[in-house]
Amino acid sequence: MIWRRLRYLFPSRRRAEERDMQEELDALAQIGGKRELGNLTLAAENARETWQWTSLEAAVTDVRYAARGLRNNPGFAAVAIATLAVGIGANTAIFSVVNSLFLRPLPVQYPYRLVVLAPRERGSSEFHDLSYPDYRDYRDHDGAFSDMLGFALGMPGLAVDDRPDRVLTGYVTGNYFSMLGLQPALGRLIGSEAEMPAAMPAVVLGYNYWQRRFNSDSRIIGKTARLDGRAITIVGVAPKRFHGTFSLAETDAYAPVSLLAASDRSFWTRRGRGDLRVIARLKPGMSLRQGRASLEVTARRLGEQSPETSKYTSMEVYPEWRARPQPDAVGSAPAMVCTFLALASVVLLVACVNLANILRARGKTRETEMAVRSALGAARSRLARQLLTENVLLAAWGGAVGILISALMSRALSSLFTPIDLPMVQLDFRPDWRVFVYAFSAALLAGLIVGLGPVRSAWRSNLNIVLHEGGRGLSGGRRGGRSRNVLVVTQIAASMVLLVAAGLFMRSLEGA
Amino acid sequence: MLALRTLHFGPLHGYGIAKAIRSTSNEMLNIEFGSLYPALKRLEARGWIASKWETSAHNRRAKYYRLTSAGRKQLTRERSKWAEFVEAIALVMGSAPGEVER
Chain A
1 MIWRRLRYLF
11 PSRRRAEERD
21 MQEELDALAQ
31 IGGKRELGNL
41 TLAAENARET
51 WQWTSLEAAV
61 TDVRYAARGL
71 RNNPGFAAVA
81 IATLAVGIGA
91 NTAIFSVVNS
101 LFLRPLPVQY
111 PYRLVVLAPR
121 ERGSSEFHDL
131 SYPDYRDYRD
141 HDGAFSDMLG
151 FALGMPGLAV
161 DDRPDRVLTG
171 YVTGNYFSML
181 GLQPALGRLI
191 GSEAEMPAAM
201 PAVVLGYNYW
211 QRRFNSDSRI
221 IGKTARLDGR
231 AITIVGVAPK
241 RFHGTFSLAE
251 TDAYAPVSLL
261 AASDRSFWTR
271 RGRGDLRVIA
281 RLKPGMSLRQ
291 GRASLEVTAR
301 RLGEQSPETS
311 KYTSMEVYPE
321 WRARPQPDAV
331 GSAPAMVCTF
341 LALASVVLLV
351 ACVNLANILR
361 ARGKTRETEM
371 AVRSALGAAR
381 SRLARQLLTE
391 NVLLAAWGGA
401 VGILISALMS
411 RALSSLFTPI
421 DLPMVQLDFR
431 PDWRVFVYAF
441 SAALLAGLIV
451 GLGPVRSAWR
461 SNLNIVLHEG
471 GRGLSGGRRG
481 GRSRNVLVVT
491 QIAASMVLLV
501 AAGLFMRSLE
511 GA
Chain B
1 MLALRTLHFG
11 PLHGYGIAKA
21 IRSTSNEMLN
31 IEFGSLYPAL
41 KRLEARGWIA
51 SKWETSAHNR
61 RAKYYRLTSA
71 GRKQLTRERS
81 KWAEFVEAIA
91 LVMGSAPGEV
101 ER
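Chains as they are written, first to last, in our numbering: chain A, 1 to 512; chain B, 1 to 102.
Since the hints were made in silico from the structure, they are not lab data.
We put the CB at the ideal spot given by N, CA and C, even for glycine.
There is no bait here: all hints are sound.
Which chain A residues stay away from chain B? Per the calculated CB distances, all over 12 Å, these: (1) Val60; (2) Gly75; (3) Arg120; (4) Arg163; (5) Ser178; (6) Arg188; (7) Ile221; (8) Thr233; (9) Trp268; (10) Gln305; (11) Ser306; (12) Pro325; (13) Thr368; (14) Met496.
Sample of chain B residues at the chain A side, in silico, Cβ under 8 Å: (15) His13; (16) Tyr15; (17) Phe33; (18) Tyr37; (19) Pro38; (20) Ala62; (21) Lys63.
Here are the computed distance ranges between Cβ atoms for each label pair: (22) Arg385(A) - Ser23(B): 39 to 47 Å; (23) Arg373(A) - Ser23(B): 42 to 50 Å; (24) Arg48(A) - Leu2(B): 20 to 28 Å; (25) Lys52(B) - Val63(A): 34 to 42 Å; (26) Gly47(B) - Arg64(A): 32 to 40 Å; (27) Ala67(A) - Ser23(B): 53 to 61 Å; (28) Leu2(B) - Asn73(A): 53 to 61 Å; (29) Gln30(A) - Gly47(B): 22 to 30 Å; (30) Gly10(B) - Phe10(A): 28 to 36 Å; (31) Arg79(B) - Arg64(A): 41 to 49 Å; (32) Arg79(B) - Ala59(A): 34 to 42 Å.
Based on the sequences and whatever the hints tell you, model everything.
Right, here's the structure in full:
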């Protein structure tokens, strides 16, 4: 039956059907007499439902009407959309920061199976990094994990053709790229030779750095260069979307851990002092708790074997995304995220309140229109749907512009996060699908929330009073005035809170 | 169901169906054309009746409806459902089927 309905999506089919029906009814009227047949108009109306897409058409009509209304009031539309756009834009920008820092998984294979090892010394609440021998022991002897990688961060100077740059470099173990399941964008990636001393260590460039600094020149492969004075060879470029395993900044280059040992021979053998952050991959089927238990066992065993490692009394394990930018943040990260999101919501709320004010003012001029439509037989639900459609349309526009604004703001924010002594770090605040879903939901929510106000007042408006007194009856007077004051006060209060919070945040950033 | 049954005996146009139902039921069922017509349209949409423009006896054009084979099957189905319905009501009301005659 639905197939026949689909045919009627074409207006030509609908017109033909309408003509046919009219013919039939006319013919019957001639045969039977109009009085016999009763109300033909009603019959026709009811019959139309069989071949019309009434609800769909009504929705389309609503949208068209709403669009026309906006076009006829460009000033109002512009202000309303701008208000919403700024609110949604700021909200989304904040969310995209949160998303990039905390929510988005690493663009690697099975990112949610990655965990960070966080050893803690007895009596201390801070987490350490692991030394290389300890890392090797855990990697080779723990059964719950299929592989473990280690990396350390540094800011050496990379000199290619004698033009030195400070680059954020990840000193990685041999299985770094293989464990993450990454393929090179160009050339090859660092392999197991990373953990052996080499004459010309292989270095891999980060994709964005390669684009920025070397203009995506493929001839960089095989070139020799100097990293903090040591001769190295550039062997490849990391894949495009991979920014390293440090969440706060993009890793520009990847070097083997053997380079760390080059300046400090004891790197290979000393235990105790931490060098490496270790990320491990849970075996399929293993839970986090099982992993932690297994590590505890291994830790104890190693502690018995070597007196220096017995300092680590507990080995915590956290999912990778929770331990950003480092395991110490595990406790504070959720709180930070919540604070950020709360701030964002306040921004959106202020925008909605603003908009509600504007709509309220406009609503009064429309009371007459609503009253007339109601008198003509429009159901209240239809009127309500019309108003809601208008607001959703506004919100849709607001959302679209808002996303643009948020993209701009994200770029501005990423330059904001650059601490002064790290000149070349770039943060990836590019929006992904989560951000779009978020913006869309925010826009929808805004539209609905704001829309409910005028809908409610339209609901309650008394037809008679409105028509006779020309709309100055109910919502005008004192009651309306009081709620208006409440709105204004709320707005001012929220804006102040936001300003103060933003100011404090900026201060704390500068101090960090 | 009534419309389908009426058409069982031959094709009719919309007004004819209303008249037929009225006369067959001894004026007990006077169906408003305003409700019958949309119902006819719905039946047609489901493929149980088909329509065609024809000239009637008095040389007037009208749209005639006839029962399709699918419609015939549907009529049988609805008829048996109706019979079950009647029996159920009779049971509840206390008299056994067959005892209704007085």
